[in-house]
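Q: Once you have looked at the hints, place chain B on chain A.
Protein sequences appear in the order of chains A and B.
Count the first sequence with our numbering and you get residues 1 to 348, in order.
Count the second sequence with our numbering and you get residues 1 to 348, in order.
Hints are not guaranteed to be accurate.
The list cannot tell twin chains apart, which means a pair is met if one copy fits it or any two copies do.
No farther apart than 20 Å at their CA atoms in a straight line, the calculated lysine to any residue pairs in the SDA-like style are these [what the hints assert, rightly or not]:
#1 Lys122 / Met108
#2 Lys146 / Arg15
#3 Lys46 / Leu279
#4 Lys122 / Glu177
#5 Lys122 / Ile107
#6 Lys261 / Glu127
#7 Lys146 / Leu11
#8 Lys251 / Asp237
#9 Lys321 / Ala112
#10 Lys122 / Asp110
#11 Lys46 / Glu331
#12 Lys46 / Asp28
#13 Lys261 / Pro34
#14 Lys146 / Glu156
#15 Lys146 / Thr163
Hints are computed from structural coordinates only; laboratory data are not their basis.
2 protein chains.
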Amino acid sequence: MSPDATEQRVLEAIRERRELVNEALDEDVPMAEPERLYEASRYLLKAGGKRLRPTVSLLTAESLADVEPMSEDYRAFPTLSGDAIDVMVAAVGIEVIQSFTLIHDDIMDDDALRRGVPAVHKEYDTETAILAGDTLYAKAFELLTKTGSDPADGLEAVRRLATTCTQICEGQALDIEFEHRTGVLPDEYLQMVELKTAVLYGTAAAIPAVLMGADDDVVEALYQYGLKSGSAFQIQDDVLDLTVPSEKLGKQRGSDLVESKETIIFLHARQQGVDVDDLVEAETAEELTESEVESAVADLEAAGSIDFARDMAQDLTDQAKADLDVLPDNEARDLLRDIADYLITRGY
Amino acid sequence: MSPDATEQRVLEAIRERRELVNEALDEDVPMAEPERLYEASRYLLKAGGKRLRPTVSLLTAESLADVEPMSEDYRAFPTLSGDAIDVMVAAVGIEVIQSFTLIHDDIMDDDALRRGVPAVHKEYDTETAILAGDTLYAKAFELLTKTGSDPADGLEAVRRLATTCTQICEGQALDIEFEHRTGVLPDEYLQMVELKTAVLYGTAAAIPAVLMGADDDVVEALYQYGLKSGSAFQIQDDVLDLTVPSEKLGKQRGSDLVESKETIIFLHARQQGVDVDDLVEAETAEELTESEVESAVADLEAAGSIDFARDMAQDLTDQAKADLDVLPDNEARDLLRDIADYLITRGY
Numbered sequence: 001m002s003p004d005a006t007e008q009r010v011l012e013a014i015r016e017r018r019e020l021v022n023e024a025l026d027e028d029v030p031m032a033e034p035e036r037l038y039e040a041s042r043y044l045l046k047a048g049g050k051r052l053r054p055t056v057s058l059l060t061a062e063s064l065a066d067v068e069p070m071s072e073d074y075r076a077f078p079t080l081s082g083d084a085i086d087v088m089v090a091a092v093g094i095e096v097i098q099s100f101t102l103i104h105d106d107i108m109d110d111d112a113l114r115r116g117v118p119a120v121h122k123e124y125d126t127e128t129a130i131l132a133g134d135t136l137y138a139k140a141f142e143l144l145t146k147t148g149s150d151p152a153d154g155l156e157a158v159r160r161l162a163t164t165c166t167q168i169c170e171g172q173a174l175d176i177e178f179e180h181r182t183g184v185l186p187d188e189y190l191q192m193v194e195l196k197t198a199v200l201y202g203t204a205a206a207i208p209a210v211l212m213g214a215d216d217d218v219v220e221a222l223y224q225y226g227l228k229s230g231s232a233f234q235i236q237d238d239v240l241d242l243t244v245p246s247e248k249l250g251k252q253r254g255s256d257l258v259e260s261k262e263t264i265i266f267l268h269a270r271q272q273g274v275d276v277d278d279l280v281e282a283e284t285a286e287e288l289t290e291s292e293v294e295s296a297v298a299d300l301e302a303a304g305s306i307d308f309a310r311d312m313a314q315d316l317t318d319q320a321k322a323d324l325d326v327l328p329d330n331e332a333r334d335l336l337r338d339i340a341d342y343l344i345t346r347g348y
Numbered sequence: 001m002s003p004d005a006t007e008q009r010v011l012e013a014i015r016e017r018r019e020l021v022n023e024a025l026d027e028d029v030p031m032a033e034p035e036r037l038y039e040a041s042r043y044l045l046k047a048g049g050k051r052l053r054p055t056v057s058l059l060t061a062e063s064l065a066d067v068e069p070m071s072e073d074y075r076a077f078p079t080l081s082g083d084a085i086d087v088m089v090a091a092v093g094i095e096v097i098q099s100f101t102l103i104h105d106d107i108m109d110d111d112a113l114r115r116g117v118p119a120v121h122k123e124y125d126t127e128t129a130i131l132a133g134d135t136l137y138a139k140a141f142e143l144l145t146k147t148g149s150d151p152a153d154g155l156e157a158v159r160r161l162a163t164t165c166t167q168i169c170e171g172q173a174l175d176i177e178f179e180h181r182t183g184v185l186p187d188e189y190l191q192m193v194e195l196k197t198a199v200l201y202g203t204a205a206a207i208p209a210v211l212m213g214a215d216d217d218v219v220e221a222l223y224q225y226g227l228k229s230g231s232a233f234q235i236q237d238d239v240l241d242l243t244v245p246s247e248k249l250g251k252q253r254g255s256d257l258v259e260s261k262e263t264i265i266f267l268h269a270r271q272q273g274v275d276v277d278d279l280v281e282a283e284t285a286e287e288l289t290e291s292e293v294e295s296a297v298a299d300l301e302a303a304g305s306i307d308f309a310r311d312m313a314q315d316l317t318d319q320a321k322a323d324l325d326v327l328p329d330n331e332a333r334d335l336l337r338d339i340a341d342y343l344i345t346r347g348y
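In isolation and in its complexed conformation, chain A is listed as follows:
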């Protein structure tokens, strides 16, 4: 299937579920008192987002149950033993955790914009943003207790989500640390990406299987699927920053070149003897010229660093797709494979 056709299928799968996810978010994280706190907590959730992680959760459930996509009620979804659980509330819980991490990350990085709107700590204030994140954090765990699953499975899902949250914090701490440290190794960078970003993809894929009573090896394979495709996604992001024209990227191409950000590409290039810190003279994205970026990219390509990252993303994606072999052969599984491809073939 061509990348374009894959992308269409993925965007359609996301689009079909997005409205249901948004409705569920509104039901499961309702307005409450104090008003300002709940407005701030819901602000980013309502500002949009693709709902990729909930879509992964819902597709995993559908493939595992071996049902036609969108044919079953996500609020009364069949487990492997024929009971009904609310798999949607678990998918919402994952999205709520994602939202909490974005709110706190934006405070830590002092990022002013998120999803095209002011970050929560800019729209409200830092105190409210800390509390909004903390509120969502608790809410996610509360939601995960409400799936109606076998309690042992529910408790295992909670344990997995808690471990995942700890790892996300560890990843964010490493990310901050790496900005102040030279000599970060590619493997360390990969570990950071895995912790900061990929584990939540892994958990989005694994939790429905846990709740539906799947065997441990199925749960683990699905976790690996999410972990690897999530890592590939992040690595591809670094490639795109250098290779996609600014107008398509929606920001200055090559902006990673002027930030203190260490991507896998720069780490590889440094190991090849490239003087990464002097690739461009510009010190801000505004000062960057296209010819400067071209020349820097040519140096990185000559060192094999961009191909190194591309190959790594592709390898991880291939592994992720192979992990899906534990699932029955059905349309939902095909869509999960498409999502893995899409995460590294999307143009921007």
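A: For chain B alone, kept in the frame of chain A given last:
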């Protein structure tokens, strides 16, 4: 029993368990990588603290199991059906949540000191303090999945802790809101205190009962015990600020008079027509004179506001002690009663 004898018994009960709780904290929240993150996460836990909430949890378990205090291994504690659970890991989880809220509260209030040492965001930095709190938050839920209880009870304990955390956030949001609002009503203040402080006492008392398989009415009564004695504790704090000599209080007596803090005493006085905002001329605690405080306290006493708060704390304490009637008559229950008394009779 005289207040002094009560205090001795309570301090002894806390002291006896503190070392075990501290050991368990060290085991259950161990050092890990990234080092700086885990040092920051453990910093406040290691700086001390009475461990009052874990003590309440452990005593509740002992009374409910009707065993001699300190006679059973908290890591293999008998449930009502004769199974063994780790009640200590749940008690540690409560203390870890308390620590997380202190770290984030100190950022929000920009408080520089906590337990006699710099607050985490001062000792490290705000980014690390946000992350340290977030790490502890996840850790507490992870710990609560590890008690070995019946899974349905474990899931109910998680649900209760999650709801409690949401409420603590709501209470903190109200506290911040009240600083910028006039006309706060005494009932609103009480609700804030309940949410911000008392619910975690309630949950500390209730969770062991949940995990041990107690009936719902027992769980609810124990929750009410914690909720009411926790509220009484906070109200008594407001009384002490005005009535205990500075040297015993460890800070300037009457400092609430110069802060924008609205205590139940001031809210009552305002309802009685007292011009609360002009009780003293000083604008900082340093400027306060003893005679100014004396005169302000005399006005508040004349309005009946200090007695109003004292009576309310006493009423809540009496109710809290009555709630303990659901427990078997034993030494651990007597100690829980003593703790309720201690929370409002402690001199400072």
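Q: Each of the hints needs a verdict: does it hold here or not?
A: Okay, the hints, checked on the actual structure:
| no. | hint | result |
| --- | --- | --- |
| 1 | Lys122 / Met108 | both (12 Å within a copy, 15 Å between copies) |
| 2 | Lys146 / Arg15 | neither (26 Å within a copy, 39 Å between copies) |
| 3 | Lys46 / Leu279 | neither (40 Å within a copy, 46 Å between copies) |
| 4 | Lys122 / Glu177 | between (24 Å within a copy, 18 Å between copies) |
| 5 | Lys122 / Ile107 | both (9 Å within a copy, 17 Å between copies) |
| 6 | Lys261 / Glu127 | between (27 Å within a copy, 17 Å between copies) |
| 7 | Lys146 / Leu11 | neither (29 Å within a copy, 40 Å between copies) |
| 8 | Lys251 / Asp237 | within (13 Å within a copy, 54 Å between copies) |
| 9 | Lys321 / Ala112 | neither (36 Å within a copy, 51 Å between copies) |
| 10 | Lys122 / Asp110 | both (9 Å within a copy, 18 Å between copies) |
| 11 | Lys46 / Glu331 | neither (30 Å within a copy, 53 Å between copies) |
| 12 | Lys46 / Asp28 | within (13 Å within a copy, 37 Å between copies) |
| 13 | Lys261 / Pro34 | between (38 Å within a copy, 19 Å between copies) |
| 14 | Lys146 / Glu156 | both (13 Å within a copy, 10 Å between copies) |
| 15 | Lys146 / Thr163 | both (19 Å within a copy, 12 Å between copies) |
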